[in-house]
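**Student:** Please model the complete structure; the sequences and the hints are all you need to start from.
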Amino acid sequence: MTGVQTCALPIYHTCFYVGDYSAGQETIYRFLCLDSYNTDKISFKRVLDAIPADIVVFDKHQRYSFVNRNAIKDKKTREWIIGKDDFQYCSYKNLPKNLAEDRRKVFLETLAQKKPLSITERFKKDGYPDSYHLRIMNPIFESDGRLSSGIVTGK
Numbered sequence: 000m001t002g003v004q005t006c007a008l009p010i011y012h013t014c015f016y017v018g019d020y021s022a023g024q025e026t027i028y029r030f031l032c033l034d035s036y037n038t039d040k041i042s043f044k045r046v047l048d049a050i051p052a053d054i055v056v057f058d059k060h061q062r063y064s065f066v067n068r069n070a071i072k073d074k075k076t077r078e079w080i081i082g083k084d085d086f087q088y089c090s091y092k093n094l095p096k097n098l099a100e101d102r103r104k105v106f107l108e109t110l111a112q113k114k115p116l117s118i119t120e121r122f123k124k125d126g127y128p129d130s131y132h133l134r135i136m137n138p139i140f141e142s143d144g145r146l147s148s149g150i151v152t153g154k
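Residue numbering for the sequence shown follows numbering that gives the first Met the number 0, beginning at 0 and increasing consecutively.
Keep in mind the hints are simulated off the structure, nothing from the lab.
Don't take every hint at face value.
[As the list claims (entries may be wrong)] DEER-style ranges, computed between Cβ atoms:
no.	residue 1	residue 2	range
1	I139	K83	16 to 26 Å
2	L107	S64	10 to 20 Å
3	P95	D143	18 to 28 Å
4	S147	Y127	30 to 40 Å
5	D143	N93	34 to 44 Å
6	L94	R68	18 to 28 Å
7	K59	W79	18 to 28 Å
[To be verified] Keeping only pairs whose Cα atoms sit at most 30 Å apart, straight-line, the calculated DSS-like set for lysine-lysine is:
no.	residue 1	residue 2
8	K113	K75
9	K154	K92
10	K59	K113
11	K114	K44
12	K72	K123
13	K44	K92
Beta carbons are placed, not taken as given, at the ideal position from N, Cα and C, and that holds for glycine.
**Tutor:** Have a look at this one:
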């Protein structure tokens, strides 16, 4: 983990942050609002797969519930990961355990602060330049304040 920042991006029921881009001096924030789409499971999955960003949905125990094609490109791995957590994923992909530990810390911090937080992850691969990935973790709470799920978006 190279940095954690607070993001002032609210989550409203069926809308969540999916990324931003700069247009001159102005930053444009992109949200996906599910109310405006047919919530049929196949249509919903197709919409999430078409968004040019990593999108992951976790359950309240930080186990993967959904992963779009941008987040994990390999279909076999994408299917395997459902119901698993980051520790299992790191073991499966031979990634350092501290990646899962750092993600868990940020997930717990989003719960404590009840707001989205971001993390920048650095990946090293022999013979390749380091790559950096921004992850924005968004907790989703029930109306009574209990955690429902979490959504992670990234670039």
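**Student:** So, for every hint listed, does it hold in this structure?
**Tutor:** To see whether the hints hold, each was checked on the structure:
1. The given range of 16 to 26 Å is respected by I139 and K83, whose C-beta atoms sit roughly 20 Å from each other.
2. Range check, L107 to S64: about 18 Å between beta-carbon atoms, so the 10 to 20 Å window is met.
3. Checking the proposed 18 to 28 Å range against P95 and D143 shows it is violated: the Cβ atoms sit about 37 Å from each other.
4. As the Cβ distance of S147 to Y127 is approximately 38 Å, the hint placing it in 30 to 40 Å holds.
5. Taking 34 to 44 Å as the suggested C-beta distance range, the pair D143 and N93 conforms, at roughly 41 Å.
6. Judged by the Cβ atoms, the range 18 to 28 Å given for L94 and R68 holds: they are separated by roughly 20 Å.
7. Separated by about 21 Å at the C-beta atoms, K59 and W79 satisfy the suggested range of 18 to 28 Å.
8. Only pairs whose Cα atoms come within 30 Å are accepted, and K113 paired with K75 is rejected, the gap being roughly 33 Å.
9. For the suggested pair K154 and K92, the alpha carbons sit about 20 Å apart, so the restraint of at most 30 Å is met.
10. Using a Cα cut-off of 30 Å, the hinted pair K59 and K113 holds, with the two alpha carbons roughly 13 Å apart.
11. A distance of roughly 25 Å separates the Cα atoms of K114 and K44; the hinted pair therefore holds under the 30 Å criterion.
12. Note on K72 and K123: the hinted pairing holds, with a Cα-Cα distance of about 18 Å set against a maximum of 30 Å.
13. With a CA separation close to 24 Å, the supplied pair K44 and K92 stays within the 30 Å bound.
Hint violations for this structure: numbers 3 and 8, all remaining hints satisfied.
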